[in-house]
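In order, the protein sequences belong to chains A and B. One gets our numbering by counting positions in the first sequence from 1 and adding 195 to each. Position 92 (the second sequence) corresponds to 87 in our numbering; numbering is contiguous.
Keep in mind that the hints were calculated from the coordinates and are not lab data. A couple of the hints might just be wrong.
Restraint ranges, calculated between C-beta atoms of paired labels, are given here [stated by the list, open to error]:
hint, chain 1, residue 1, chain 2, residue 2, range
1, B, Gly101, A, Asp414, 55 to 61 Å
2, B, Met58, A, Ala515, 42 to 48 Å
3, B, Gln122, A, Val541, 55 to 61 Å
4, A, Ala576, B, Gln118, 42 to 48 Å
5, A, Pro556, B, Gln118, 53 to 59 Å
Glycine included, C-beta positions come from ideal geometry on N, C-alpha and C.
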Amino acid sequence: MMTDLVEESLARRGYRAEALISLIRLRWFINLRWIMILCSWLCVTVEQLLNPAVSRPAGLTWVLVALTTVNVLWTGVSVGLRRYIARVGEGDHRALRAAVTWANAQIAVDLLLLTAILRYTGGVENPMAIFYLFHMAIASLLLRAWQAILQGAWAFALYAGMGVGELYGVLRPHYEFLPSRSGFGLYAESAYVWAAAIVVGCGIFGTLYFTLRIASRLDERERVLRATNQALRQSQEVLQELQRRKAQFMRTAAHQLKSPLAVIQTQVGLIRDGLVPKESLDLYYDKVIRRCREAIDQVTDLLTFARLQEADPQRRSGSAADAGKVLGDLCERFAPLALAKGLQLVREIAAEQDLMVPVEPLDLADAMGNLIDNAIKYTPAPGTVRVTATRPADEVCLTVEDTGLGMPVETQQEMFDAYRRGRLALEAGITGSGLGLSIVRAVVEQSGGTIVVRSRPGEGSRFTIRIPGLGTQSDEGLSQKPFNVVRIE
Amino acid sequence: MDAAGRTILVIDDDPDVHDAVRLVLEADGYTVEGAVTAAAGLDAARRLVPAAILLDIMLDTPMEGFAVARALRNSPSHANTPLIFISSIGEAAWREQAEEAGFSLGAADGFVEKPFDAATLLQAVRQASAGGAKSS
């Protein structure tokens, strides 16, 4: 099978590669010629049987013998050529060159032998001149345009040469189309001969013109079909990849959800079996409650993530949230948690500025809530979590900064993928759904914003989110934002 | 059996699993050490030379457990350490993922599915410790 790439490369060079290779593989020309030779011999024989008085010139027999011999020769060449192409490969340029040369040679020799048959069967009076057109159609379909036109010129030269040669007595004698009847002598009529030459010439070049035009349009359609096919194939690959990632996500999500449940069952089993010492029972009950909460958080985050994934990309056009109010509410909500952990939760919200952003308030609260929750979780006491909201120019800038564990640079980008948790977080035994930063990214992506991460292990992290202000120019052009909204500093 | 010969290493990203394993195995005379990341687990394995290793599949990345297992089996000092996988993915998925990760299950000595009960865990550890490890 020829590869699409090879076919495309050949098509660009003006060849119909498939047809050329089929020509060799299927011996299409040769088989057609055998039929034609058989018919010719049959016609001559039947004519002799029906009318023994008819005498065809010996030249005709020799031409038919030559045609038969040539086809035997072509059969041999085709066998050799098939072996050669099998050796060098169908896509090899030498295979193509051999196929083209062979097609050209066959057409040229066929035209010569057709003219010879015409010469011995009435010359310009023989209507078999129509077979020139058949060859022209084949030439224009198989060869490059200039090669087909050269074949057309060759056909016209042969036909006109024969007619004019007979007209002026250079080719003598003239053989009648129907030897049993006296001819009309049209071959000697100058006007007729020139008219026949012009008609056949027009037929030859007209056939070439129309076939080349039609072939060119078909080629164009084929190119479009090929491109569409390619695009469909790529879409299919993308869909398959999406499907694979979705399955992977579901597998991971199920595992993440099963983990706290499995621990709960194990712990309850150990309590039931009396393996937990009485003095540790409260600790284990707390663990069970904590893991139940974790499972619930998992489900909540999964639902949030699913809601964001399903969200209509256009819905943000009507969305509006006051980032200052959202952050203020979140700080109120997380203040007791920070206090209990011995952390200082500092809020710096530029209340006098317009902090409206084109985001659903719930989405913004989910994203910023995850960042604040992470900052508190990953910051050991005594430490500080700072939440700020400002509006420099057209953008609203929201930051959550902590003095916590920080993240190694090499894992910062990956942290935004679902269920990727940092080594430092795992080592510190901090639990999490693994979806928090994915939710942050999804919200920021949908709002046309960007996330800048600055984090160093042991020094803390700073997440800066920039979202176009509501009704600004950058808000209008959100769809042109780059896909990857996360930048690591 | 000396103390080192009774040490079981748990490599699992969930500290509660370490606690549960510790509770079960320490009652049977084992000493349990835990690691929550692949790097910490490999480091602990080198340091402790445990009698058996309980290894989770999903650590920092979804199939990192197999990479840890391969690293252990490629290390001369742990080529024969009994290795028991412990995961909530189920045995069928474990086999499937091992194939996907190019890890020969012949190199593992057992599989314990989470949630587990004390008897199942004890039996797996005793069996693996008694039988010795399969080479990769």
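Tested hints:
no.	hint	verdict
1	B/Gly101 x A/Asp414: 55 to 61 Å	57 Å, holds
2	B/Met58 x A/Ala515: 42 to 48 Å	43 Å, holds
3	B/Gln122 x A/Val541: 55 to 61 Å	56 Å, holds
4	A/Ala576 x B/Gln118: 42 to 48 Å	43 Å, holds
5	A/Pro556 x B/Gln118: 53 to 59 Å	54 Å, holds
The structure fails none of the hints (numbered hints given earlier).
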